[in-house]
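Enquirer: Sequences and hints are given; from them, build the entire structure.
In UniProt numbering, the protein residues as written are 1 to 337.
No lab work stands behind these hints, which were simulated from the structure alone.
The reader is advised that the hints may include incorrect statements.
To be verified - Here are the simulated DMTMM-like pairs of lysine to aspartate or glutamate, each with C-alpha atoms no more than 25 Å apart in a straight line:
id	residue 1	residue 2
1	Lys55	Glu134
2	Lys55	Glu140
3	Lys55	Asp222
4	Lys55	Asp159
5	Lys55	Asp220
6	Lys55	Glu70
7	Lys55	Glu221
8	Lys55	Asp195
9	Lys55	Glu77
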Amino acid sequence: MTTPPYASDALAEGTVDAVVIGGGAAGLNGALILARSRRSVVVIDSGSPRNAPAKAVHGLIALDGTPPPEILRRGREQVRQYGGRVVFGEVVSAESAAPSADGDLRFTVTLADGRSITARRILVATGLTDVLPEVPGLAEHWGHSVVHCPYCHGWEVRDEPIGILATGAASIGHAFLFRQLTEDLTYFAHGTDLDEDSRARFAARGIRVIDTPVTEVVNDEDGALAGVRLADGRVVARRVLAVGPQMQARTQGLEGLGLPVQDLPNMGRGFASGMAGTTEVPGVWVAGNATDPVAQVGASAAAGALAGANINSMLATADTDAALQGIAEVGPKGATG
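Expert: So this is what it looks like as structure tokens:
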């Protein structure tokens with residue numbers, strides 16, 4: 001799913017201080033910090049945020065219950081208020097370019113329509129893709145009756161008959177979190193291992209376990225989720241399914257940067273990053289779900305802000321180095337006139 005269409009800014013000419021790849025919470029907040037620091041910054045937004053299917057963002061103080069598109073709309077407006085630009089487009093390549101005359105880093109970012117921009121620094125905030133189990137009917141309810149996060153959606157599905165569609169060991173802990181929200185919880189092992197200790201703990205909490213694999217999601221006559229069909233033909237009534245998807249960072253078009261990636265146990269794959277979103281590639285930062293798949297909107301925005309501040313600090317050092325180099329090249333004669 002995508003965000004509602006909006007007017008795109010013109011792509012800046014010349015070299016900008018920073019290009020932010022990704023127009024979600026992390027990218028926009030990073031851009032906001034940079035723009036407020038009087039840095040020239042351009043956000044490249046593909047318009048497909050991870051939370052687009054959700055009706056509202058939850059667990060974010062002061063903005064709880066706000067639709068995701070509204071938060072992004074406000075974010076774009078605020079970045080623009082300080083001189084930043086938000087460009088609708090898809091990045092197809094990003095790579096290092098020849099440094100400036102004073103040795104400062106340069107990168108070239110190219111969009112699908114052939115336009116390109118040169119930047120001194122890059123913030124990658126592309127987010128991730130949730131890869132769901134291949135169960136017919138599951139994806140159509142994603143973000144509504146098929147959920148993944150008890151903190152994002154839990155209150156809204158409280159007291160409903162909930163099913164945990166297991167995808168691995170992490171689903172065991174998932175079950176206990178959703179048990180806090182309902183007394184009617186069924187754990188569909190769906191071919192995953194479930195040890196005896198976990199079965200005993202489930203029994204103690206009144207969590208029903210079904211080992212027969214799930215073959216499809218069943219809808220009622222109005223198209224709402226009504227349950228799941230098992231491999232033996234039985235239908236188990238459920239109104240909500242909780243599933244832990246494999247979470248894959250969006251890396252398309254960024255291969256030229258050479259960013260290291262890491263496997264995240266029981267979760268997926270994301271970019272490796274250090275403090276304030278730094279990476280092993282000089283001049284490139286990463287923030288949000290692209291590196292921290294479990295971060296909610298607030299945490300992603302905070303990570304973007306921290307990365308933006310760090311980028312500004314590094315640019316300030318580079319600016320000072322260039323100024324000193326310029327003075328040294330002019331020499332005493334230039335200094336005295």
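Enquirer: Next, verify each hint and record whether it holds.
Expert: Verification of the supplied hints:
1. Lys55 to Glu134: holds (24 Å)
2. Lys55 to Glu140: The given pair, whose Cα atoms are some 14 Å apart, holds under the 25 Å limit.
3. Lys55 to Asp222: Given pair Lys55, Asp222 holds - Cα atoms ~19 Å apart, limit 25 Å.
4. Lys55 to Asp159: OK: Lys55 and Asp159 at ~19 Å, within 25 Å.
5. Lys55 to Asp220: holds (21 Å)
6. Lys55 to Glu70: Status holds; Cα separation ~11 Å.
7. Lys55 to Glu221: holds (22 Å)
8. Lys55 to Asp195: Status violated; Cα separation ~36 Å.
9. Lys55 to Glu77: Since the Cα atoms of Lys55 and Glu77 sit roughly 21 Å apart, the hinted pair holds (cutoff 25 Å).
Checked against the numbered hints above, the structure violates only hint 8.
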